[in-house]
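S.K.: These protein sequence lines are chains S and A, in that order.
Per our numbering, residue 1 is the first one in the first sequence, and the count goes up by one each step.
Per our numbering, residue 1 is the first one in the second sequence, and the count goes up by one each step.
These are computed hints drawn from the structure, not numbers from a lab.
Some clues are possibly wrong.
Stated by the list, open to error - Simulated crosslink set (DSSO-like; lysine-lysine; CA at most 30 Å straight-line): (1) S:Lys7 with S:Lys44; (2) S:Lys211 with S:Lys191; (3) A:Lys326 with A:Lys301; (4) A:Lys326 with S:Lys273; (5) A:Lys301 with S:Lys273; (6) S:Lys224 with S:Lys7; (7) A:Lys187 with S:Lys273; (8) S:Lys211 with S:Lys37; (9) S:Lys223 with S:Lys251.
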Amino acid sequence: MSAIAEKYLRQRLLPHIWCPGCGHGILLGAILRAIEKVGIDRDKTVMVSGIGCSSRATGYMDFDTLHTTHGRALAFATGIKIARPDLKVVVVTGDGDAAAIGGNHLIHACRRNVDITTVCFNNNVYGMTSGQHSPLTPFGHMATTAPYGNVDHPFDLCDLVAAAGATFVARGTAYHVTQLVDLIALALENKGFSFVEAYSQCPTYYGRRNKLGSAVDMLEWYKKNSVPVKAAATKDPQELKGKIVTGVLKKAPREEFTEEYQRVIDTAMARLKGGRS
Amino acid sequence: MSEGKVVLLQGNEACAEAAIRAGVRFFAGYPITPSTEIAETLALRLPQVGGKFVQMEDEIASMAAVIGASLAGVKSMTATSGPGFSLKQENLGYAALAEVPCVVVNVQRVGPSTGLPTCPAQGDVMQARWGTHGDHPTVVYCPSSVQEAYHFTIDAVNASETLRTPTILLMDEVIGHMREKMVIPEKVTILERPGPDVEPGEYRPYDVSRSDVPPMAAFGAGYRFHVTGLYHGEDGFPIDRGPKAAQLLARVCQKVERRRAQLASVWSESCDDCEVAVVAYGSPVRVALRAVRMARAQGIKAGLVKLGILWPFPEEAIRDLAGRVKAILVPEMNLGQIVIEVDRASKGQCRVEGLSRVDGELFTPPEVLEAVRRVAP
Ligand SMILES: Cc1ncc(C[n+]2csc(CCOP(=O)(O)OP(=O)(O)O)c2C)c(N)n1
Ligand code: SF4
Chain S
1 MSAIAEKYLR QRLLPHIWCP GCGHGILLGA ILRAIEKVGI DRDKTVMVSG
51 IGCSSRATGY MDFDTLHTTH GRALAFATGI KIARPDLKVV VVTGDGDAAA
101 IGGNHLIHAC RRNVDITTVC FNNNVYGMTS GQHSPLTPFG HMATTAPYGN
151 VDHPFDLCDL VAAAGATFVA RGTAYHVTQL VDLIALALEN KGFSFVEAYS
201 QCPTYYGRRN KLGSAVDMLE WYKKNSVPVK AAATKDPQEL KGKIVTGVLK
251 KAPREEFTEE YQRVIDTAMA RLKGGRS
Chain A
1 MSEGKVVLLQ GNEACAEAAI RAGVRFFAGY PITPSTEIAE TLALRLPQVG
51 GKFVQMEDEI ASMAAVIGAS LAGVKSMTAT SGPGFSLKQE NLGYAALAEV
101 PCVVVNVQRV GPSTGLPTCP AQGDVMQARW GTHGDHPTVV YCPSSVQEAY
151 HFTIDAVNAS ETLRTPTILL MDEVIGHMRE KMVIPEKVTI LERPGPDVEP
201 GEYRPYDVSR SDVPPMAAFG AGYRFHVTGL YHGEDGFPID RGPKAAQLLA
251 RVCQKVERRR AQLASVWSES CDDCEVAVVA YGSPVRVALR AVRMARAQGI
301 KAGLVKLGIL WPFPEEAIRD LAGRVKAILV PEMNLGQIVI EVDRASKGQC
351 RVEGLSRVDG ELFTPPEVLE AVRRVAP
């Protein structure tokens, strides 16, 4: 076991419950490496997740950890961060969790710009409930609830959160682990709402039903079909269809919610003292 | 009445002020009539005491944020009305099972659905008891005056913190919007959640070896513990089906049920020699009191019993009462929710009748008096 796993995982809860070949373990490792890299205070960090295979990641991490209800991780996290701005708050969420049931919380978290780092484990499917289509399942792909091919069109989740006001947006994959660690580290360092979409292979439900091969084949697919954001800038949209654009997609810091709210408190207290309330 | 400052306040404002007095420093909510003044008052008042107010995107998010804030060590509250209360239910169950203190205020309006948005009702009595999925503990306070809205809010915060369970303040539109004279007491009792007294490495968030209410650490204090809505062991991590799962649910329910007598808030007038008792809660209490006095003036031996806490239901008080009277009348602004409980607790010792009003209007004293006459022996 690596030194990082040794240091940050709750050993007695291992082995984990993810399927052999699942990408979620790689992403968990990337989060821990990013944390090590940034060097945040572990006793002042809370890890929050919703419901789904992805959400089990928090239980393995030796921090204060909160496993919430489906789609609501960001809303719980918002309460923690606003109540205690001194804490670092990290959210782990799935694509169904974040973009379907939790879609409204996601866009409002972006708008509010509360200092929360969100890592979305995007496996393009509902894993825990065994293979239904998610808002990120590509058009035409198969799922248990899309037995004739998916007629729902997927979101570009990074475009969505960027438009909604996230101040740091990035995308990576389970294949490009070193890059992913860097992206998560940058997200952790950003003061404001940061979002990292991380592709994660689900060989059990998404891969098998869509004949994408083994976990290794799926990782190969990520490798072949990813385009770094700089290279993507020179390509026309047609060429980028079905490709995964990776790297930092947006960085635009602005006022963070809890800092703004501190100003509200200062004003309210000053007015009360001045007897003008 | 206790010593203090005499003020003119609205029920919703009294609730907000009491929350601050009780130590609530975090509120998350979404506006809905007739509860909105609670959010508005706290948006103004909380920052003055260093607290936080946040208007969330919906009621589900508000409930979630409140649980998050409470786990971070801050006394937390939300307020809503009927439809919003329905939306909070999933996370209310979460707070019950994960044992996270928080207060949910529901200023009831006429339902179901959008119903009669600005009219009084008491249709959420059973939702307050059984709203979430699964069996769960519930503590529900039901004020019938602005003064009680103040006291019961403090009680709701105290009970929530000391029992580690969500508590509900169930008002109705009349109490929420009514302005009346009340006293802000000089002294109130404020209670805190039980904290851990072990080293972080030894802390188990659901350790019940010393009390059925486990000590609660705050996030960020170095205890590094796990909280989940799954059934969990004493260490907070998920467990599978079996006896431990059953024990967990039994304990979280029993910790409240065991304190039923201690929590009970039953007040009565003219009940010593009465033959017809009116059992009421919320704004109908005021009408019923008038009707009972009118009945006495006409020589009918009527009395009033006021329920300040609906859940856990004051079984013993009602059973005693039923043994002493010939009939009980339960006026409520729904099609009959508490009357079923009163009937059950009465164990057939006396006649039990309900009186319903669901047209968005309050009962009138003559209406209740007439019903008293009807059931009187
Ligand atoms: C309110 C609610 N609705 C539905 C579910 C069932 N459910 C559990 S996990 C899940 C989907 C999870 O998918 P995703 O977020 O993509 O995560 P993954 O399991 O793929 O990692 C659903 C629908 C639930 N637990 N709660
Ligand atoms: S179902 Fe898919 S996402 Fe879930 S653990 Fe298995 S491989 Fe991973």
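S.K.: Given the hinted pair Lys223 of chain S and Lys251 of chain S, is their alpha-carbon gap at most 30 Å?
M.R.: holds, 25 Å
S.K.: With a cut-off of 30 Å on the C-alpha distance, tell me whether Lys224 of chain S and Lys7 of chain S pass.
M.R.: Violated: Lys224 of chain S and Lys7 of chain S sit about 33 Å apart, past 30 Å.
S.K.: Checking one constraint from the list: CA of Lys187 of chain A to CA of Lys273 of chain S, max 30 Å. Satisfied?
M.R.: With Cα atoms ~23 Å apart, Lys187 of chain A and Lys273 of chain S stay inside 30 Å; holds.
S.K.: Next pair to validate is Lys7 of chain S with Lys44 of chain S; report whether the Cα-Cα distance is within 30 Å.
M.R.: Between Lys7 of chain S and Lys44 of chain S the Cα gap is close to 16 Å, so the pair holds against 30 Å.
S.K.: Starting from Lys326 of chain A, check that the Cα of Lys301 of chain A is at most 30 Å away, please.
M.R.: It holds: about 10 Å lies between the C-alpha atoms, which stays within 30 Å.
S.K.: Would the hint linking Lys326 of chain A and Lys273 of chain S be met if the CA-CA limit is 30 Å?
M.R.: violated, 60 Å
S.K.: Between the alpha carbons of Lys211 of chain S and Lys191 of chain S, is the straight-line distance 30 Å or under?
M.R.: Roughly 41 Å between the alpha carbons, so the hint for Lys211 of chain S and Lys191 of chain S is violated.
S.K.: Is the hinted pair Lys301 of chain A and Lys273 of chain S satisfied, with a Cα-Cα distance of at most 30 Å?
M.R.: Distance of about 56 Å is beyond 30 Å: violated.
S.K.: Does the alpha-carbon distance linking Lys211 of chain S and Lys37 of chain S stay inside the 30 Å limit?
M.R.: violated, 37 Å
Violated hints for the displayed structure, listed by number in ascending order: 2, 4, 5, 6, 8.
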